[in-house]
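Engineer: Residues per chain, in single letters:
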Amino acid sequence: MTEIFPGIFRFDRQLWTQNKVPGFRVYGEKLFNKNGTEYRNWNPFKSKLAAGIEKGLKQFPIEKNSSVLYLGSAEGTTASHLSDILTDGAIVGVEFSSRSMPKFLELCEQRENMLPVLGDANHPEQYPSEIQETLFDVMVQDISQKNQAEIFVKNSVLLKKNGFGLFVIKAPSIDSAKPAEQVVEEQTKQLKPTFSIIQTVFLEPFETKHALILCQKN
Amino acid sequence: MDPKLLSLRKQLVRETKKHVQEDISQSDVHIIRSVNTLTDLDATANLLAENCREWYQSVFPELERLVANQDTILAMIAEIGNTADFTEKKLSGYGLEKDQIEKIVSQAKNTSGVPIDKATMEKIQTLAKQTLALREQRKQLEAFIEKNVLDKAPNFGNLCTPILAGKMIAKAGSIQKLAELPASALQVQGAEKALFAHLKNKKHVLPPKHGFLYNHPLVQKTPVAHRGKMARTISAKLSICLKVDFFGDKSQTVWTKMQMQLEKRLADIVKLKNKPRKNFSHSFQRADSLRPLKEYPTKDFAQPQFSKPPQQAPQFAKPVYSKPVEPKPDFVQKVYPAPASAKTVHHPTTNSAKSTHPAISNTAKPVQQSDSVPEKRVPENPRYPDYVFPDPQYPDLTGSEPDAPGASSPRISRGKPSFRQRSFSKPGNFSKAGRSGGNFSRPQRSEGNFSRPSRPGTGFSKPPYPRRDSDKPPFGKSPYPRRDSPRPPFAKPRYPSSGGSNPQHAKKPFYKKKFKKR
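Chains as they are written, first to last, in the working numbering: chain A, 1 to 218; chain B, 1001 to 1518.
Because the hints were derived from the structure by calculation, they are not lab data.
Do not rely on the hints blindly, as some may be mistaken.
For lysine-lysine, the following BS3-like pairs were computed, each having C-alpha atoms within a straight-line distance of at most 30 Å [what the hints assert, rightly or not]: (1) K1089/B with K160/A; (2) K146/A with K1200/B; (3) K161/A with K1257/B; (4) K30/A with K64/A; (5) K1139/B with K46/A; (6) K64/A with K1089/B; (7) K1257/B with K46/A; (8) K1243/B with K103/A; (9) K1243/B with K146/A; (10) K160/A with K1171/B; (11) K1123/B with K1109/B; (12) K1257/B with K178/A; (13) K189/A with K146/A; (14) K55/A with K146/A; (15) K161/A with K1004/B; (16) K189/A with K178/A; (17) K20/A with K1004/B; (18) K46/A with K1177/B; (19) K1221/B with K103/A; (20) K64/A with K1109/B; (21) K178/A with K64/A; (22) K146/A with K58/A; (23) K178/A with K103/A; (24) K1243/B with K1221/B; (25) K178/A with K46/A; (26) K46/A with K1123/B; (27) K1103/B with K209/A; (28) K46/A with K1171/B; (29) K64/A with K1177/B; (30) K209/A with K1017/B; (31) K1257/B with K146/A; (32) K209/A with K178/A; (33) K192/A with K20/A; (34) K1202/B with K189/A; (35) K1139/B with K1089/B; (36) K1177/B with K178/A; (37) K1004/B with K1018/B; (38) K1139/B with K1109/B; (39) K1257/B with K1243/B; (40) K55/A with K192/A.
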C-alpha cells in the first residue's frame, strides 16, 4: 500500500482512497479493509481523474486542505473520491441536470465537505453569492459541451492566482469528424492566455478521444 | 478548510432540493418516460405472447392457422383452455364467422395435441392473461401520451401524430429543445447514424431524407423518390407549430390550415411522379439504404463527350513519288487518314516485311486523301451501328488508363453501353465492406467494364476469356487482315510476323523445331 499522492493509494495495481463513510458504496465499487482503515476502489473506467493518474499524471494538485470547484459533478462518482482525499478542505460540485442532482444531494448529506450547486456553468454569475466570493485552489471540469474551453476560462475567475486546473476534453462533443489530437491542440490555444499548461494526457484505453490537461493559472 | 464554505452546506442542500423540485415539475419527464415504456411494453408483450402460444402448441397446434389475430388466440387460451371445451357457444364472442367456428370445432376433435391437467393449464392461462393485460396497458398508455402531448403542444401533436410527437420530444429531451431546433434538424431527427456517416464522407454518402418522420402518414403516402420533399415540408410546418406552442399561445389553432397545405403538397408531389431527378450521380449511395441504385441515365451515352475537342491532324507537304501508288480502298482511308504526327508509334520494320496495316506508320507513306479529321465516322459493323473502331490517332479513346498522357476524360463512351457495364450485381465488383455495405459504384474508368480491371499495357480492356472470334470486339470479324485491335503507344513492339498472329513464332525459324540434337 503506497501513497502515490496525498490521499491516493496504490495497492494490487489499483487505485484506492480512504473511505470517509465506512461501509457505504457510492457506485458499487469494491471496499477493502486493512489495519482498521477502509479503502474505496477508484475505477479509472468510471472516473477520468483516475484514468489520468493511471496514464501517468506527474502532479496531482489536490491536497488534503485545498478547496475544489468541480464543474460537471453529475452523480458524484469522482467528487466522492475527491471528498475522501480532502480531510481538511471542501469541494463544491456544480451540476446542470436535475436528474443526477438527487444522488449528489444524498452524498452531500452524508459527507461534510461536499456542497451542491444546481446551475449552468456557462453562467458563473448565477452561482450562489457566497460561492462567487470565494477563490478556489483547484478547478476540475468534466463537461461535454462544444464550448468546453470557454466555460473553463469563464470560471477561472473563481480560481486563485497560480491555482491549478484539471480540464477534461471530450473531442467528439466539439467536432466528431476531426482527429482528437487536432481538437485538443485547438482547445489548448484557447486556454493559453489565462493558463500555462503543465501536462496533457490522453485517456485511452479508459476513454476514447478524451484528454486530461493539467494547467496552472498565470 | 474554509469554515464559511462548510457552514454553507446545509443551506445549499436545502436550496438545491427546491431547485430540483421546480425543474422536475416543469419538465416533460412524464411524456418521455411513457414513450419509452410504450416501446418496452410492446417488446415484452410480444415475447410473452410467443412463449404462451408455443406452450399451447402441445394442446391444440392447429389453432394458430385457423385464427388470424394473435390476441384472440390468447383470449381463447385464457378463457377456454382444453380442446374438449371448444364448442360453438364458447367461440361465439370472438367475432369469428360461422365457417371458421365450424372448422375450429371440427379440428378440435381431430388435433394432434394432447389435453393437459388443470394445474399446467392454469399456468398457460395466467401467462395469456398477463400478456393481454400488457396489451391493454399499452392501449391506455397510448391514450395517456396523446392526452399529455396535446395538452402541452397541441399544434405540434396534431400535425404529426401524438405518438410520433412524443418520440421526438423524448429524443430531444424537452419541448423547449425541440422548439429551438431548426426545421432541417427536425427532418433528420432519429437518423443520426446516417447523418454522421454523411458528414464524415460527403462525397460518397448522401444525407438521410427523414428520421422519425418516416413514420408520418403523409410521408408514407408519397412515392419513395419524393419522400425527401414531403419530409422537408412537414418539418418546416412542424417547427412553426412548435414555436407557436412553446413561445407563443398554445390555444391558437394553426395546424388545421397547415394540414390542408400539406395534403395539397402531397397531391402536387404525386403529379411529379414521372419527372426525372436532378443532379443524379452514380457515385452516390444512400447511407440508409443498402440496395444498389437502379436508375441509369441512358441518354448520356449517345455521343462521345470529349473534354477537349479532337485536334486536327497537322498538314504536311505531299511527297512526290516516281511511281504511281495504288489507291487504297475507300473505306479505310476515310476513317484513318495517314497519321503523320509525332504521337504515332514507329515500329521497327524491316524492308522485307512491310505491313499494309494502316495503323502502323511507315515513313514513306503516300498521302493521297486529305489529312483532316473525318467529319462522319463510317460504321463498320451493321450489327452495332453505333460502334466505331478505335482510332490510333486518338489513343485516348481506347479506354486506357486515365493517367496516360493525352487522356481527356475517363468517361468516354462509344455508342451503346455493353451489357457488361451493369456489374453491380456481380460478386467481383463489391469493394470492402464499408458504411454503405460495400455496394457503391465508382465512376467507370474503362469502357468495357468487365469484372477484372484492365491491366496496363492493354489499352483496350479486354474480356477475360476472348477465346472466340465472336468474343472479340466488335463481336464479329474485323475487316483488317491480321490485327483486331490497335496497339497502344506504350505496348511492346511487335516482331515481324511471317504469317501467324502469334509473335512468338517469329523468333525461331520454323525448321529448328524438327531438328533434334544427337
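Engineer: Hint by hint, which ones does this structure get wrong, listed from lowest number up?
Structural biologist: Violated hints: 1, 3, 5, 6, 7, 8, 10, 12, 19, 20, 21, 23, 26, 27, 29, 30, 31, 33, 38; rest satisfied.
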